[in-house]
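These protein sequences, in sequence, are chains A and B. Everything in the first sequence is counted per this note's numbering, starting at 1 for the first residue and increasing by one. Everything in the second sequence is counted per this note's numbering, starting at 1 for the first residue and increasing by one.
Calculated directly from the structure, the hints in this document are not laboratory data. Wrong hints could be hidden among the right ones.
Okay, derived cross-link-like pairs now, DSBU-like style, lysine-lysine, Cα gap no bigger than 35 Å in a straight line [said to hold, decoys possible]:
hint: 1; chain 1: A; residue 1: Lys69; chain 2: B; residue 2: Lys44
hint: 2; chain 1: A; residue 1: Lys49; chain 2: B; residue 2: Lys44
hint: 3; chain 1: A; residue 1: Lys101; chain 2: B; residue 2: Lys83
hint: 4; chain 1: A; residue 1: Lys101; chain 2: B; residue 2: Lys11
hint: 5; chain 1: B; residue 1: Lys44; chain 2: A; residue 2: Lys113
hint: 6; chain 1: B; residue 1: Lys11; chain 2: B; residue 2: Lys44
hint: 7; chain 1: B; residue 1: Lys15; chain 2: A; residue 2: Lys101
hint: 8; chain 1: A; residue 1: Lys113; chain 2: B; residue 2: Lys11
hint: 9; chain 1: B; residue 1: Lys62; chain 2: A; residue 2: Lys101
hint: 10; chain 1: B; residue 1: Lys44; chain 2: A; residue 2: Lys58
hint: 11; chain 1: B; residue 1: Lys71; chain 2: A; residue 2: Lys49
hint: 12; chain 1: A; residue 1: Lys101; chain 2: B; residue 2: Lys78
hint: 13; chain 1: B; residue 1: Lys71; chain 2: A; residue 2: Lys101
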Amino acid sequence: AQSVTQLDSQVPVFEEAPVELRCNYSSSVSVYLFWYVQYPNQGLQLLLKYLSGSTLVKGINGFEAEFNKSQTSFHLRKPSVHISDTAEYFCAVSGDTGGFKTIFGAGTRLFVKA
Amino acid sequence: EAGVAQSPRYKIIEKRQSVAFWCNPISGHATLYWYQQILGQGPKLLIQFQNNGVVDDSQLPKDRFSAERLKGVDSTLKIQPAKLEDSAVYLCASSLASAGLNTDTQYFGPGTRLTVL
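If we strip away everything but chain A, and leave its shape as in the complex, we get (with noise of 0.2 Å):
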């Protein structure tokens, strides 16, 4: 069965520093990686995908996330965070076989302190 773990279920930093959210999957087939972000109050917003090819993929908002098969892993980072990127992450994943629908991780909740 395919899963999705988000190691860390808070991350308190500081405005300025770096952040490293982190993501591991299981799957027995290959898989394509998400990750989304939710502001308070709204729906869950694309951030980046990894479909094929370059395994470090750039997002919105100076996100970028890097694929690691062997590690089954999927980490977002962020060189520098804001106020403004205080929000709830999802890491997710989805299948190229039939009837492997996306499966959402639990979350983890970034809180940017001034």
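On the provided structure of chain A, position chain B as indicated by the hints.
Chain B only, in chain A's frame:
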């Protein structure tokens, strides 16, 4: 471009009552999803439509939940009767489904927060 619209935004009901949620996807999006997001968890897919056909409803509690997308555009999700454990945010999302279902970006609505007392 208008986003995914959902209504109502909030709903409070008592257990054993029924409730319905409405979703209007982005124009031209063939695929529509309903997710349940319980507090502290990630979204869980309840049902996925491709146009007006069901692609996946394996996690939909069919004894109490139903969903339809009659004309391949907007959709309703109904719970009857509601239980306490149905308290959650119900998210609707849509995708273009032009490049393949599993690679598509999903666009989410703001959700309906349901509280069952």
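Hint check:
Only pairs whose Cα atoms come within 35 Å are accepted, and Lys69(A) paired with Lys44(B) is accepted, the gap being roughly 25 Å. Using a Cα cut-off of 35 Å, the hinted pair Lys49(A) and Lys44(B) holds, with the two alpha carbons roughly 19 Å apart. For the suggested pair Lys101(A) and Lys83(B), the alpha carbons sit about 26 Å apart, so the restraint of at most 35 Å is met. Pair hint Lys101(A) plus Lys11(B) holds up; C-alpha atoms about 28 Å apart against a cutoff of 35 Å.
For the given pair, Lys44(B) sits about 30 Å from Lys113(A) by alpha-carbon distance, which is consistent with the 35 Å threshold. With a CA separation close to 20 Å, the supplied pair Lys11(B) and Lys44(B) stays within the 35 Å bound. With a CA separation close to 30 Å, the supplied pair Lys15(B) and Lys101(A) stays within the 35 Å bound. A hinted pair counts as satisfied when its Cα atoms are at most 35 Å apart, and Lys113(A) with Lys11(B) qualifies at roughly 33 Å.
With a C-alpha separation of about 18 Å, the suggested pairing of Lys62(B) with Lys101(A) holds against the 35 Å cut-off. Of the supplied pair hints, the one linking Lys44(B) and Lys58(A) holds, its CA atoms being roughly 26 Å apart against a limit of 35 Å. As the CA atoms of Lys71(B) and Lys49(A) are separated by approximately 31 Å, the hinted pair is consistent with the 35 Å bound. Of the pairs offered as hints, the one joining Lys101(A) and Lys78(B) holds, with about 22 Å between alpha carbons and a cut-off of 35 Å not exceeded.
Distance check on the hinted pair: Lys71(B) and Lys101(A) sit about 23 Å apart at the alpha-carbon level, within 35 Å; holds.
Consistency note: the structure conflicts with none of the earlier hints.
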